[in-house]
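Chains G and S are the protein sequences, given in the same order.
Counted from 1, the first sequence has number 444 at position 444 by the working numbering; the numbering is strictly sequential.
Counted from 1, the second sequence has number 1034 at position 34 by the working numbering; the numbering is strictly sequential.
I should point out that these hints are in silico values taken from the structure, not numbers from a laboratory.
Values in this document were obtained by computation on a predicted structure and should not be read as measured data.
Simulated restraints, written as ranges between beta carbons of each label pair:
#	chain 1	residue 1	chain 2	residue 2	range
1	G	439	S	1156	20 to 28 Å
2	S	1051	G	373	39 to 47 Å
3	G	44	S	1016	50 to 58 Å
4	S	1139	G	216	20 to 28 Å
5	S	1072	G	94	50 to 58 Å
6	S	1129	G	201	29 to 37 Å
7	G	395	S	1043	52 to 60 Å
8	G	232	S	1013	23 to 31 Å
9	G	337	S	1072	58 to 66 Å
10	S	1051	G	384	51 to 59 Å
11	S	1139	G	165	31 to 39 Å
Just a sample of chain G residues kept apart from chain S, beta carbon distances all over 12 Å, derived:
#	residue
12	27
13	67
14	96
15	166
16	240
17	384
18	430
Ideal placement from N, C-alpha and C gives every residue a C-beta, glycine not left out.
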Amino acid sequence: MADVDQRALEPGRTSVDRDLTARLKRSEAWRSAFRHPQLDTPRGRALQSFSNVFLHVYPVKIPKRVLRMRYSFRLGFIATVLFGILLVTGVYLMFVYTPSVGSAYGDMQHLKTSVGFGQLIRNVHRWAAHLMVLVVGLHFVRVFYAGAYKKPREFNWVIGVMLLLLTLAFSFTGYLLPWDQLSYWAVTVGTGLVHYVPVFGGKLQDLLIGGPQVGQSTLLRFYALHVAVLPALLVLMLTVHIWRVRKDGFAVERSSAGSFAEEATERPAPAPAAAAMAAAAPDLYGGRVRLLGVVDRESVTEASRPVDDTVFTWPHLLVRHVVVALGTATVVLGLAVAFSAPLRGLANPNLTPEPAKAPWYFAGLQELLSHFDPLIAGILIPAGAVLLFVLLPYVDRNPDTRASRRKVAIALFTLLLGIAVVLTVIGTFFRGPGWKFVAPWTHSYIEL
Amino acid sequence: MNRKSRRDFLRDGWKLGGVMLAGAAGYTGYEALRPLASNASGAKVTVGSVSSFTEGTSTYVPAERLYVVNAKNYLFALSQKCPHLGCHVPYCESSGRFECPCHGSIYDLAGEYVAGPAPRGMDRFQVKIDGDNVVVDTGVQISGPPRGAKRFFTPAKGPGCIGKT
Chain G
1 MADVDQRALE PGRTSVDRDL TARLKRSEAW RSAFRHPQLD TPRGRALQSF SNVFLHVYPV
61 KIPKRVLRMR YSFRLGFIAT VLFGILLVTG VYLMFVYTPS VGSAYGDMQH LKTSVGFGQL
121 IRNVHRWAAH LMVLVVGLHF VRVFYAGAYK KPREFNWVIG VMLLLLTLAF SFTGYLLPWD
181 QLSYWAVTVG TGLVHYVPVF GGKLQDLLIG GPQVGQSTLL RFYALHVAVL PALLVLMLTV
241 HIWRVRKDGF AVERSSAGSF AEEATERPAP APAAAAMAAA APDLYGGRVR LLGVVDRESV
301 TEASRPVDDT VFTWPHLLVR HVVVALGTAT VVLGLAVAFS APLRGLANPN LTPEPAKAPW
361 YFAGLQELLS HFDPLIAGIL IPAGAVLLFV LLPYVDRNPD TRASRRKVAI ALFTLLLGIA
421 VVLTVIGTFF RGPGWKFVAP WTHSYIEL
Chain S
1001 MNRKSRRDFL RDGWKLGGVM LAGAAGYTGY EALRPLASNA SGAKVTVGSV SSFTEGTSTY
1061 VPAERLYVVN AKNYLFALSQ KCPHLGCHVP YCESSGRFEC PCHGSIYDLA GEYVAGPAPR
1121 GMDRFQVKID GDNVVVDTGV QISGPPRGAK RFFTPAKGPG CIGKT
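The shape of chain S in the complex, shown without the other chains (with noise of 0.2 Å):
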């Protein structure tokens, strides 16, 4: 068996000490780039009473960046965050869906995928009833459902509105 030299030993122990350095750097620096709790959103909040959503309307929040649905008497609450690359989807009135100004994706009342390079419908948080309060836990992120989902379909009311502001 061959022994090790003491320069091998010592050269071995340079680059153990060099790769422990470099992970503690690494660790280090993931420690302070970590988002902390605190920017995470995850309350439970009132949004409203269950009469105040009525059929084939759409209800902002933007406290808590989200829209209230009601699509054929179901609520749901749908992230405002376009699944595609992250852009602020606002609410057409006059079409009564959603439309992503930035590359164009578009989504039913219930945030099914109706057109666009969205890889899936709006994303949506968990909705109970309390009562008759309206409770949304906006720290229960639902994926959006794939695209070819059409349960809630609904065709256009009228003109879209990307381009028209």
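Isolated chain G, as found in the complex (with noise of 0.2 Å):
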């Protein structure tokens, strides 16, 4: 009886389900496992969606203009994408590296001497680290102009600045550990920030590197928190983040005058919604629609469009993340296969190098530093900065999503961009030995 259920819905499959590879697929121990066939029909597709735990984060259904590449540039995936690269990786150096000022250095050079492909991965790692926080970053700046942090999204605008700083924190710990100069002085420029916290200063840098200077007890503290609370805390994070993606309405609307919030409450309950729904399209939902939970508002895309404007995730937005994350992939290979990551010599306390550049995405900071009193530059300034972005969305209470609407938020925070911006390229390109000004052209002290 069973088999027959089963061959009546796979209408597509022929002679070749009386093979072992049906009868496989049709026993107890398969269906326990998977618990339905993969079907080409409408119901099929909403099926593997509710029923996979990894395709449960995407909607069964999405708005057609969320295929659009210029929509978000698919710019948190990429990120995501980057953070696994990150994961496979950094599990395959682990295996090779030993948090110890008298090996660390020898095991990158084992990397690169004995160990079949170690430069590559180690190449790639550190490549994807730096596009890592290249795409955040990006990704936070298109989320800011999109108005995307706007009600109801408040919430995961914060996760998403948090997400930022651990992205940060992750690249930094990991800076220290091939312990070379490179690695070293940046660290040591670094953590000489924390001192001018005001009245905990010394005792935090204590903590944070563990003696009176950068050393073994630094380095321990630092792989510890690279591949263990690190990962732990933005894996949790990131599932929060994607979740009320998704519950919060999958992508903000461009085109409408962005007070969907407003609109959302004046529907009707979900689940009315959801019986009209059925009501419309008895084919595509089977004739019957099942209470899933019950929320305060829904999709953006539900209510304010047609049936007939969405399409299936699966395969219609999956065939297009599994291109960009290949396109992701094939990047980042193709930089660690062009320019391998950098290793001076061993760690020495006693020899500063010339000149002590911090990673470029603190360059931009190393240079205020060079301005203002670091109590300012290194302390009041960033820490402004990220509580002025967790502030945002509770602060700027204009709902409009529209640029022509936002010229004074828009306006301050291209400001701040670009002084960013142009803070980073200084610091990276135009900076020589004393922190003198050089011309990139003539002698270049670029550090990655």
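Dock chain one against chain two, each of which comes alone in its own frame, and use the hints as you go.
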């Protein structure tokens, strides 16, 4: 009886179904793992999303406009792919690396000389880390310009700011691990900033580096943070972030007046809406709709447009995501093959290189430090910027997402962004020994 | 007087338990991260005889990460750590000054601030003369002189070192 039902569900399958594979798929064991076959019917596609833990992060259907590349430039997704690449290559590196000042640098050399593909894995890890900082930063900028931090996404914007900080912390803690001159002095300068935190600065710096100077204690705690604490925090917050993206309405409605949250409150309750959808498209939902959960507001996309304006996430969005993931991996691999991760001489606490530069994403901060008191440039300005961005959705109460109605917010943000970019470019390209101006076309002091 | 219901009492109990657990976790984290006493220096070190430190010279003591200098016949033990952001400040023979390659802070022979973004002069350790020996107490670090202190100021002997290596 079960066999007959199974074949009925799979109208496209023919004689092949009678072979061993088909019998396997009809077995109790197989069906205990995969609850239904892969069906190319609307019901099958919906079931696949509903019943698969991984696909369940996506809605079953999305508006067609979400498929357009320029809609989000897929930046959040690319950042997630880069994080995945970092996790995989990071595990490989952990097999070779020991967080000890006596052996860390040697392990880096072993990667290059004795481990097959070792240097390539390290290069991929390094480039994916740089790109992740860049892409998360661009994601942050795009979300601001799209006005996607506004109601009901305020909290998800805050989570996003935390994820940006976590990404920077990830990159900074990883920067020390090769234990070469570049990493040692960049971290010395970076942790030196903590000393300027009012009242607790000295104590905080002690906790961070674990001694009077960067040494074994620092290496061990940075390693623990890098491979255990930060990944756990990032996975936790990323899960909430992605979940909220879906629950707050998949993507911001650019063409609306930006007041979708208010519209949502005027909509009928979820159950009647679901019943209306079932009545409108009986074939699609098999004539019955289950109430999966009660939410206080629905996705923007469902009530404001007809059902046929949406497409199934699987395969339409997923195929695009696979292409973007492959593209991301290709770019990272290309960079890793073309440009090797740097490894200067063994860390020497008694010899400061000229110049001692922070990683590029902190070069703007380092530039700022050369102009202002460290308390102002290293603590008050960065902490003020983070606080400003965290509070932004609660301060900016204008519900409109259109640029023409947000001139002040966009002008201020663009000004801040411009200053940050100019400082970063100067710090990265135009500074040399003693932090003096150099023309990058005469001598390059860029550190990656 | 309103009596607290059993449900509210238990709810508050859970909250209190959570706060206590977070406190215990925080304190354990602090204990795991705070530097052990053995990490700190603090020994009294004999760095040489008084006569070995002639006027206008700087002697590097790498084991203790400090310089012993004689500026206008006063002996100072200067920490090699830049008070700006902790880089190692090398002594420049040609200029007779300490010049930090990280952000360009410059100090005179006595460690007094001359130029750059540093907030003060170089930090010092206590120096004692014991007979003919110069003894530095690395356990007693004295914050460097404020910007503007010029008591031992001497002009640069020659060109600086930053960018020359």
